[in-house]
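Those protein sequences? They're chains A and B, same order as listed. Going by the numbering used here, the first residue of the first sequence is number 1, and it counts up by one from there. Going by the numbering used here, the first residue of the second sequence is number 1, and it counts up by one from there.
Where hints are given, some of them may not hold.
Stated by the list, open to error - Simulated pairs of lysine-lysine, DSS-like, Cα-Cα distance not exceeding 27 Å:
no., chain 1, residue 1, chain 2, residue 2
1, B, 61, B, 50
2, B, 42, A, 172
3, B, 42, B, 84
4, A, 180, B, 42
5, A, 157, A, 80
6, B, 157, B, 84
7, A, 228, B, 47
8, A, 157, B, 47
9, A, 306, A, 249
10, B, 61, B, 85
11, B, 68, A, 180
12, A, 249, B, 157
13, B, 157, A, 187
14, A, 306, B, 84
15, A, 157, B, 50
16, B, 84, B, 53
17, B, 84, A, 180
18, B, 167, A, 306
Since the hints were made in silico from the structure, they are not lab data.
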Amino acid sequence: STSNDNNNNDNDNNNSTAQAHFLHHCAIHPLPHGIEATGGNWTSNRSYKIHLASITHGNFHLIFRKGQKDRDAFFDYFQKALVRRQWEESYRLQQNQQTGIGIGMGSSSFGNVSANASAKQVGVEAILQRNQHRHDRAKRLTQDAFGKEGTKKKQSKNERAQEVEVLFREAKELTGIIHKYVATLEKNQNENGGTGSANAQEDTTELTSLLQGMGMITALTKESASDKSFHEMLARQICDFLSSNKAFKTNKGGSGIMTLTDVYCLYNRARGANMISPEDLIEALGRMERLSLGMKLREFDGSGVKVLQETGFDDSVMAKKLIEHIESEEGQCNAGKGGMGGFTSYFTGEVKVEIKKAHVGLTALEAARVLKISPLLANEQLLSAEQNGYLCRDVTMEGTRFYRNLFVSMFA
Amino acid sequence: MAHRRGRAGIGALKKKGETSKFTKKAEEIKTTSLKSAMETVKQLEIKLTKFAKAHHKTIAKDPAFRHKFLSMCAPLGVDPLTTKKSFWSFLQMGDFYHELAVKVAEVCFAYRSRNGGIMSIKEVQSVLLRRGTKFRLNEVVTNYSADDIVVAIGKLKQLGSGFRTVKVGGTQMILSVPTELDNDHVQVIQLAQNAGGGITLNSVSDMIGWEDDRVKRAMDLLLSEGMAWIDRYEGLEYYWFPSVWKDSFVM
Numbered sequence: 001s002t003s004n005d006n007n008n009n010d011n012d013n014n015n016s017t018a019q020a021h022f023l024h025h026c027a028i029h030p031l032p033h034g035i036e037a038t039g040g041n042w043t044s045n046r047s048y049k050i051h052l053a054s055i056t057h058g059n060f061h062l063i064f065r066k067g068q069k070d071r072d073a074f075f076d077y078f079q080k081a082l083v084r085r086q087w088e089e090s091y092r093l094q095q096n097q098q099t100g101i102g103i104g105m106g107s108s109s110f111g112n113v114s115a116n117a118s119a120k121q122v123g124v125e126a127i128l129q130r131n132q133h134r135h136d137r138a139k140r141l142t143q144d145a146f147g148k149e150g151t152k153k154k155q156s157k158n159e160r161a162q163e164v165e166v167l168f169r170e171a172k173e174l175t176g177i178i179h180k181y182v183a184t185l186e187k188n189q190n191e192n193g194g195t196g197s198a199n200a201q202e203d204t205t206e207l208t209s210l211l212q213g214m215g216m217i218t219a220l221t222k223e224s225a226s227d228k229s230f231h232e233m234l235a236r237q238i239c240d241f242l243s244s245n246k247a248f249k250t251n252k253g254g255s256g257i258m259t260l261t262d263v264y265c266l267y268n269r270a271r272g273a274n275m276i277s278p279e280d281l282i283e284a285l286g287r288m289e290r291l292s293l294g295m296k297l298r299e300f301d302g303s304g305v306k307v308l309q310e311t312g313f314d315d316s317v318m319a320k321k322l323i324e325h326i327e328s329e330e331g332q333c334n335a336g337k338g339g340m341g342g343f344t345s346y347f348t349g350e351v352k353v354e355i356k357k358a359h360v361g362l363t364a365l366e367a368a369r370v371l372k373i374s375p376l377l378a379n380e381q382l383l384s385a386e387q388n389g390y391l392c393r394d395v396t397m398e399g400t401r402f403y404r405n406l407f408v409s410m411f412a
Numbered sequence: 001m002a003h004r005r006g007r008a009g010i011g012a013l014k015k016k017g018e019t020s021k022f023t024k025k026a027e028e029i030k031t032t033s034l035k036s037a038m039e040t041v042k043q044l045e046i047k048l049t050k051f052a053k054a055h056h057k058t059i060a061k062d063p064a065f066r067h068k069f070l071s072m073c074a075p076l077g078v079d080p081l082t083t084k085k086s087f088w089s090f091l092q093m094g095d096f097y098h099e100l101a102v103k104v105a106e107v108c109f110a111y112r113s114r115n116g117g118i119m120s121i122k123e124v125q126s127v128l129l130r131r132g133t134k135f136r137l138n139e140v141v142t143n144y145s146a147d148d149i150v151v152a153i154g155k156l157k158q159l160g161s162g163f164r165t166v167k168v169g170g171t172q173m174i175l176s177v178p179t180e181l182d183n184d185h186v187q188v189i190q191l192a193q194n195a196g197g198g199i200t201l202n203s204v205s206d207m208i209g210w211e212d213d214r215v216k217r218a219m220d221l222l223l224s225e226g227m228a229w230i231d232r233y234e235g236l237e238y239y240w241f242p243s244v245w246k247d248s249f250v251m
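Let's have the full structure, built from the sequences with the hints guiding it.
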């Protein structure tokens, strides 16, 4: 259509001297003011136009003599092109092309070459030629982008989003059917303890593997035989990996306990690629006890904190360590060291030291230092010690401190 | 007069041993349904494969598209992140999110002493970007969005160290400690956020009309967790929240 030719050129003037200008799309004022559909009124403004506001060349009207449809179609494409800013890519390519052509200020005899070059590069003819090149390129690019059988990578965001919607609708129907069938299958399995004929059972296994191959989550696809062996193997791998870990292994100076998050991060980092999922980790660690690997998964009541700990790990051992620390601190205080149990009188400025058996309380942070584990785990140990009656807590405005549980010894 | 009993109905059939016919029919129906179910599954697989092949580059490059794709899969009961061998494995999305999860966890741990275990997603993102962290996904370097981080946090949740997201005002924050924060705490943090990172106890009561005790209780927990830092200056006590202080200065 005639309107396409207006892509890069201005409208034809009705003046005697025809002029050609090249107006690059980047010179158009940003949308929405840059281009505007106007005209089509019954009285003054009969023809359908596009008003174009440019930064470099002022204002234009593109007049579409074939009517509204033409104008609208072009407006649509034009707008899309202005949004996509394809020239930012093609401009770079053009730069490379131009350096190939050269402006002629080359090595050979200066006079002739430059004269020739300037003759070629300057002048109306040259401009028109360049315009035509650019026009042809733009046309080709547009066709690629909006052509039906064009390469998928030129799809616009909207088109891609639409494809997602389409897939979703179609897939929803299909998955609905599948889930319904799977539900009846599971029901039958529960009722009969089997699906009946041998063939049916075979088919069910095939269906299960098909579903699994698609990543569909159903009760059927939960744990297959191959998964079981995968998780067992993973359990052994993690065990081997941690056996040389100094923070974990007690025989290497470690604490014997580690949060799952730490295990996850350490192990996956070491793995580098094909990382395991948290689900895999939990499955694998859950099997360790059964496989007698020397460590097991444990979840603390209350907080839900999950850890991996050595089988020899004992909360009461930790509690005893804490009490030992508390007692040694108390000992130090009673010997006169430290400032515990003393106070300054604000009125007289005297310092009185009361010889009292000072009671030292532990915070989670201090406990962490004593036990050489993270504050999170130390807190769990304090709580566990409290549960078992070794310690009791004192909650003040400055935080929670744990003390030796004297109630037990007092009323023993 | 009672009608003849036991003539018709399933009871009669059972008596007469006719149930075998129905069992057989049931089996037949089951097998045909199985066949049609498998057909449906194969159909679905074709559709998904076509889509995945056409769009795997976009999934790698465009976080918004990736997010849309994942949210489409969820209600279908399809998990493209599964580590079990599935045809999604070639997308390597699982790898991407698991690696992202590890990196996010590491950033949270590194900054915990500073912010007490609460950190805005934006801040985590900017830390990773500053470090120049890249991920492998289809062997194409990607950019990752806040949505991606949220998915990664969702994965970390299961590990039981308390990873979760919480909304403070308009900002999404990541919690990496199991401490329970109730609405009061969140509101206090939000007030601090609005005030640019630091508030006094009085300003809290002024702004939302709580009693002093209530304010103190909330603030004490935040203090003890290390999420708030107390600054005693010229007789006034200011409470600073590094997690939102940083946020309001992030460009």
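| field | Given pair status - residue 50 of chain B, residue 157 of chain A, alpha carbons within 27 Å | value | The given pair, whose Cα atoms are some 18 Å apart, holds under the 27 Å limit.
| query | Quick one, are residue 42 of chain B and residue 84 of chain B close enough, alpha carbons at most 27 Å? | reply | 18 Å, holds
| query | Does residue 157 of chain A pair with residue 47 of chain B here, judged by a C-alpha cut-off of 27 Å? | reply | 20 Å, holds
| query | Taking only the CA atoms, is the gap from residue 249 of chain A to residue 157 of chain B under or equal to 27 Å? | reply | 25 Å, holds
| said: For a C-alpha distance cap of 27 Å, please report whether residue 68 of chain B and residue 180 of chain A respect it. | reply: 25 Å, holds
| field | Straight-line alpha-carbon gap residue 84 of chain B to residue 53 of chain B, limit 27 Å | value | 19 Å, holds
| field | Distance restraint between residue 84 of chain B and residue 180 of chain A, which requires alpha-carbon spacing of 27 Å or less | value | 23 Å, holds
| task | Quickly compare the C-alpha distance for residue 61 of chain B and residue 50 of chain B to 27 Å and report which way the hint goes. | result | 18 Å, holds
| task | Would you check the hint for residue 157 of chain B and residue 84 of chain B, treating anything up to 27 Å between C-alpha atoms as holding? | result | Measuring from Cα to Cα gives roughly 20 Å; hence the hint holds.
| Holds or violated: residue 157 of chain B with residue 187 of chain A, Cα cutoff 27 Å? | The given pair, whose Cα atoms are some 31 Å apart, is violated under the 27 Å limit.
| request: Assess, step by step, whether the Cα of residue 180 of chain A is no farther than 27 Å from the Cα of residue 42 of chain B, and give holds or violated. | output: 16 Å, holds
| request: Compare the distance between the alpha carbons of residue 61 of chain B and residue 85 of chain B with 27 Å, and conclude whether the hinted pair is satisfied. | output: 24 Å, holds
Hint compliance for this structure: hints 7, 13 are not met, and every other hint is.
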